[in-house]
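For the protein sequence lines, the chains are H and Z, in the order given.
The first sequence maps to residues 1 to 111 in our numbering.
The second sequence maps to residues 1 to 88 in our numbering.
These are calculated hints, taken from the structure and not from any lab test.
Here a beta-carbon is modelled for each residue, glycine too, at the ideal position from N, C-alpha and C.
Keep in mind that the hints are not guaranteed to be accurate.
[As the list claims (entries may be wrong)] Derived contacts from chain H toward chain Z, CB cut-off under 7 angstroms, selection only:
#1 P68
#2 G81
#3 D84
#4 I85
[To be verified] Taking lysine-lysine and the PhoX-like style, the derived pairs with C-alpha atoms no more than 25 angstroms apart in a straight line are:
#5 Z/K47 with H/K62
#6 Z/K83 with H/K87
#7 H/K87 with Z/K60
#8 Z/K64 with H/K87
#9 H/K62 with H/K21
#10 Z/K60 with H/K8
#11 Z/K47 with H/K87
#12 Z/K64 with H/K62
#13 Z/K83 with Z/K47
#14 Z/K60 with H/K76
#15 H/K76 with Z/K64
#16 Z/K64 with Z/K47
#17 H/K21 with Z/K83
#18 Z/K51 with Z/K83
What follows is each chain in one-letter form.
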Amino acid sequence: MSAQETIKNAIDTNDVMLFMKGTPVFPQCGFSSTVTQILNYIGVEYNSLNVLEDQDIRQGIKDFSNWPTIPQLYVKGEFVGGCDIVKDMFEQGELREFFEENGIELAAAEE
Amino acid sequence: MTNRQNRIRTALTAELSPDLLEVEDDSHRHAGHAGASPAGETHYSIKVWSKSFEGMNRVKIHRKINEILQPEFDSGLHALSIKIIRPE
Chain H
1 MSAQETIKNA
11 IDTNDVMLFM
21 KGTPVFPQCG
31 FSSTVTQILN
41 YIGVEYNSLN
51 VLEDQDIRQG
61 IKDFSNWPTI
71 PQLYVKGEFV
81 GGCDIVKDMF
91 EQGELREFFE
101 ENGIELAAAE
111 E
Chain Z
1 MTNRQNRIRT
11 ALTAELSPDL
21 LEVEDDSHRH
31 AGHAGASPAG
41 ETHYSIKVWS
51 KSFEGMNRVK
61 IHRKINEILQ
71 PEFDSGLHAL
81 SIKIIRPE
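Generate the whole structure from the sequences, applying the supplied hints.
Pasting the structure below:
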């Protein structure tokens, strides 16, 4: 598969897909780390792809999304944004609702 | 003020006539991190509002800003944190 096909396939087959530097367990960039922490906090299941493992994916996702930076979050095939946007949605209290509207199940909120 | 900081400010001011614009050079906070350069000028954060953002969602606003600053990304800008400050 070409990089573009790999990216398209990842987005199409995962309801919540995060392109990041490193892994959720070991993020290798502060911005990627922030997004994984937010997703973990609100209890959404997601898959991730470590762009540092493949230079073609690293550049390819920027071209695919027409977006110059990483991380990048896709939900149900749609580009949501990078760290700033995810963080802003979270801080404005919109993120949980956004996932629910998209039919994504969230772990019960901790009281 | 660094050169890139000036260029970012000038480009955004010219294209957006912003009501609010703050440009910070955060490069020193990322020294040694991948993407950082010993010369600095790699990591910036901006706070911005422009009336031209009315009716645009976050992705559109970010795309607009990224488009204006494409020459900077092409010349070593590694990370740009954008905070959109909507007026109350």
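**Asked** Looking back at the numbered hints, which does the structure fail to meet, lowest number first?
**Response** none
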